[in-house]
Amino acid sequence: MSRDARLWTTLMILGALALLVRAAWTDQGMGREYVRASPAADGRITRYEPATFGDYQRSVAADPDQATVRVSVPRSVGLWLAAFFTLAVFSFLYKDNPFYKIAEAVLVGVSAAYWMVVGFWDVLVPNLFAKIFPGVVQGWAMPGLTGPEAERNLWYLVPLGLGVMLLWRLAPRGAWIARWPLAFIIGTTAGLRLAAFLHGDFLAQIRNTILPLVVLGADGTFNPGASVANILIVGSVLCCLAYFFFSFEHKGVVGGAARVGIWVLMITFGAGFGYTVMGRIALLAIRLEFLLDDWLWLIDPAGRRMATLAQGLLVNI
Amino acid sequence: MGAFLRDEWWIMLLAAASLAPLVRRFAGEGFFPALRTLDRRWIFLLMFWSVLLPIYYIGLTGQTFPEVPSALSQATFDEIERLQEGDPILLSFDYDPASEGELGPMATAFVKHAAAKGLRMYFMALWPVGAQMIDDTIARVIHTDYPELVYGQDYVNLGFKSGNEGVIKVIVTNLRELYTTDVRGTAIRDIPMMEGITNIQQMRLVINVSAGYAGTKEWVQYAVTPFPDRIRLVAGSTGVQAPLLYPYIPGQLAGLLGAIKGAAEYEKLVVDAYGGPNPDPRYLEGLRRMGPQLVAHLLIITLIVVANVLYLADRRREMRR
Amino acid sequence: MAAALVLAMTASAAAQGQPVAAPSDLVASDHPWDNGTRVDLTWTLSGEDAALLGYVVRRKGANDPEFVRVELVPPGTRAFTVSELSPSGSYLFQVAAVRPDITESTPASTEASLTPAVQWFDGTRFWFLLTLIVTSGAVIWFIVLARRGATLKVRRIAGLEAVDDAVGRATEMGRPVLFIPGIQDMNEIQTIAGISILARVARTAAEYDATIEVPTSKSLVMTAARETVQQAYLSAGRPDAYNQDAIYYVTDEQFGYVAAVQGMMVRDRPAACFYMGSFFAESLLLAETGNGIGAIQIAGTAQPAQLPFFVAACDYTLIGEEFFAASAYLSGEPDQLGSLKGQDVGKLLVAAGILAGVLGSTAAALTGSTWIQSIVDYFTFTMLA
Amino acid sequence: MKRTIPLLITALGGFALIVAYFIPHTQSWGEQVAVWFDVLASLAFVLGGANLLKIHLKHVSDRARGWGYSAIVIGSFLATLFVGLIKVGVSPAAQSPDYAWSGSYRQIGSAFWFGYEYGFQPLTATMFALLAFYIASAAFRAFRAKNLEAVLLLGTAFIILLGRTFAGVALTSWIDPANWEGFRYLTWLRIENLTVFVMSVFNTAGNRAIMIGIALGIVATSLRVLLGIDRSYLGKD
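Chains as they are written, first to last, in my numbering: chain A, 1 to 317; chain B, 1 to 321; chain C, 1 to 385; chain D, 1 to 237.
None of these hints come from the bench; they were simulated from the model.
Be a bit skeptical, because a hint or two may be false.
Which bits of chain D does chain C cover? Going by a derived footprint, with three or more residues having C-beta under 8 Å, they are [what the hints assert, rightly or not]:
#1 24-37
#2 40-49
#3 127-134
#4 140-154
#5 211-217
Computed, partial: chain C to chain A, Cβ under 8 Å [said to hold, decoys possible]:
#6 V154
#7 V266
#8 P308
#9 V311
#10 D344
#11 L384
Once the Cα atoms are required to be at most 25 Å apart in a straight line, the calculated BS3-like pairs of lysine-lysine come out as [what the hints assert, rightly or not]:
#12 K153/C x K251/A
#13 K217/B x K169/B
#14 K153/C x K161/B
#15 K54/D x K101/A
#16 K117/B x K169/B
#17 K251/A x K58/D
#18 K169/B x K60/C
#19 K58/D x K101/A
We treat Cβ as the ideally placed atom computed from N, Cα and C, and that holds for glycine.
In isolation and in its complexed conformation, chain A is listed as follows (with noise of 0.2 Å):
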């Protein structure tokens, strides 16, 4: 064992004590998720409604004998599993380790199988079965399935045999027809990314830029903030155009232009990402928040684990 492995086991073995201890040990304790039991209507299905450690102890000081608020095994499992997980993947920082490789596989093997599940429920079903053998999947996943909606549409045979061929990939002869489903997607994102562009984006930045040079107020008197903007949106849309041109090299006086565009890009990248740093932020916020908050229990900025509710948090119109 090198000396980095040894501190590493030391402190994590020192770290997993700690959080035993305060698990286990303090008066309040963490890390424990709490569900609200409450019978359905036909009095067999129970649901449970996620609930907090501040209901516990209120229907606790209510009712000692109380069932209702209670802790959840599974629940709290789970969360102990995301802040494994959470701080699985923040040990990536430092450097590749067993910990981040066990989240990863995790990460990979969950959400490829969570994108096809919602793939067969929310496409396939409805979009392709639905279609085809409307009655059979009424009877089977949608009951709600009547009307307009429910007759048979043969025009999806056509994805279904495209969808064919490109499973054919998996025949041990004859791959390329996979090709044909490939050259329909191809050519039909082509011919409708042509028009959508085109359309939107190409004319509607066109007609944007068409803005007076000087600006006159409503009692006819000169505007100079807006004319002085107006005039360099205008300016620097051409040279950003003369920027982007293939056939010159970046000399003479389209190279200047071009040059101009470059600054006017590289202030909108600057822009961009100065803006974007708030929001970043604000997503690790919310990850050592899951942390404090929800799993250790070391702060309660919202009250959730307090015994007496704030008033009027209560009241519900």
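Given the coordinates of chain A, assemble chains B, C and D onto it according to the supplied hints.
Then chains B, C and D, alone, in the frame of chain A:
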């Protein structure tokens, strides 16, 4: 701060211990040489502590960092401040829980300000869940701190109407064509404060809290633009769409709060004016969330400055050679 | 002053309690050359037009229980086009005069219901068709010119000159080349452009005998990338060196994909990283990890929001249009280069259009001439609609 | 056959959709094709999933380095797929209790929801949060005043960042006509106004030019694909 350091010594110790090797290196190798070979993981660690420590400190003590209101926030505050007791204002809450983090504090502060000024508040929403956001804010502010205000006399929730900008187009001239009841199903004619209100040109101010379409842009285009002399608008918006709204300031948009920063500045103004000596933590949510933002921003600014000092020093040395 | 006059007149009319004078002769006709969603209305003004708030237009479909408001138009308006109708519905229309105190006249109504007709050409898109023909025509024209043997020169693009060096360096160091075609599917044109660039990069890699790795976030992209790379190895004369397992699907999830690619980067340490396609928040995650392992990085995307991060963290960044030009540039084939010339003609037209519009609207603002303004308005709101 | 037909399909599909854009009767084709694409992409999951399994099974059977992690991928993939496809722990929808399969696969409390809530969600959110660290290290390294372009890039970012802190606002709040009459013409220099100016003028103009260029690039790229000039995606003969 002193009590925090005394009670939570362990976290400060942890932070100091983790950064000790960095300090030792700077002391041993000299400032510039150490900086030149700085491992970026030290930057990661600095970033970690500069977000975590403020969260911990603010979460535990409830104290927040200072905030200086910008001109836009001040303008927003002044728009409401200049109104008289009993003036009618329209509050349109066009957002959903996904943007609650940024916009909730603004909504709370707007309602607190309006209630403190004794304005008559007419709430509405262009987003389906906006009506829920209105109820939450009313419960958070009015029911708690202003229980003397009476529903239907001092404030009313007209609820959500579908149709996006179509709704605005209609209510600027005729409110009752779309709104026949409030959110509770009470007929408009039976609500005392609706007496004499036929359209929103009669509102002294429109306040819009907006997360996207339909939102502030539509209010500008379909309410302020056709009636520039009659309708005044202030807005609170998410950071993403705030830059798109700047072109409307100040002509069509009298004030704008952008993102959590704008919320914090406005909260500061409202709390200073109406929060009393010991403001309720509910009115400081934006200020609390600005804590980690502030420290992290200062860190990045420092990093950029330090990097450039290093770069210029190196270049000067090269040129001398 | 005018407003005060209007208010005064209204007050007197309302005070007298007279009913509002109604508009008359409402005629509805199908809007020509459209997709069956519009109807034109004309009417004769109300007798007290000057004192009105305006006219409220309403419509009623066959299944609507009552008339629905469409628009409130200003006084003096004699015609209005109702849009967003259904080509399969039939409609009745009403127009009523409204006073500022929102009292309304009895409405003028259409007698028979009207169904908007669908024509075979959408007239609202006439000018757009012309734009499309001109821009596409310019591209096709230069492709044809190039085929006929005209020599076309294209300026150098720094990021693309560096492709060979980057692949060469990976070969020397015995490390792989990483290529990421964005995280969107094949229904995104940026992905298609990225795959085209992959064809060139893979060919260079095959010639240099470097290994290339292509993790993808979509199954279809994996399929297309395999076809592409296989073809590239074949045309480089090295079909045996092609390894299909180096092009693999990871997961559709944006951050799951990043987690895996980031891990792969620190373990396999690619010497050259290419990011060519449509990127979102993962742009900086990938580029900073690549930077940490000391790779040469070349990025290209048409997502304006991500360009700042690539510019900050990569050695070269292809900005927007440059990214779309990359595959043509790298191919070096004359007809592909021709298409870049066509794009330049497009830009010249844009610049000319903007200049004309700007000069027109400046002239209109300075002279206050309404007819110049109407020409500018026609240009911006009809031709560029 | 292997190459000509795909070229024809590409050209016909693309040009048909361009023409359809102008004919009212066919304007909905674009949407229809988009739905078909979703169906195709969902069917293609079979290819991606099969490949994922194949690669990781190979790792495990070869006992390649790190094969244990491949086993975790396979396990979490198959488990999630299984509980999601057969709706483990999902009770029927309240309005149709007689249909056993009518409940939503995302129902709160179901096994699939558990995997989402405690695996997928914290993992993706934390990956996203890594950006806060990378944005700091990128700023430290890239924002150095090497030339005019770099000065503009870093200067703009600096002004915007500064404007987001109370320090930045305080720094320029003295530019106030109340302090000196002449400041009336200089209030645009206040950092919050400077931010607005940069965002509404340069940022707008830069993004506009980028978008115009992108549209032209898309026209040329699409035409190259549709005309069969760029056919690298078609593979070998």
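(request) Would you pick out the hints that fail for this structure and give their numbers low to high? (result) Numbers 14, 16 and 17, in rising order.
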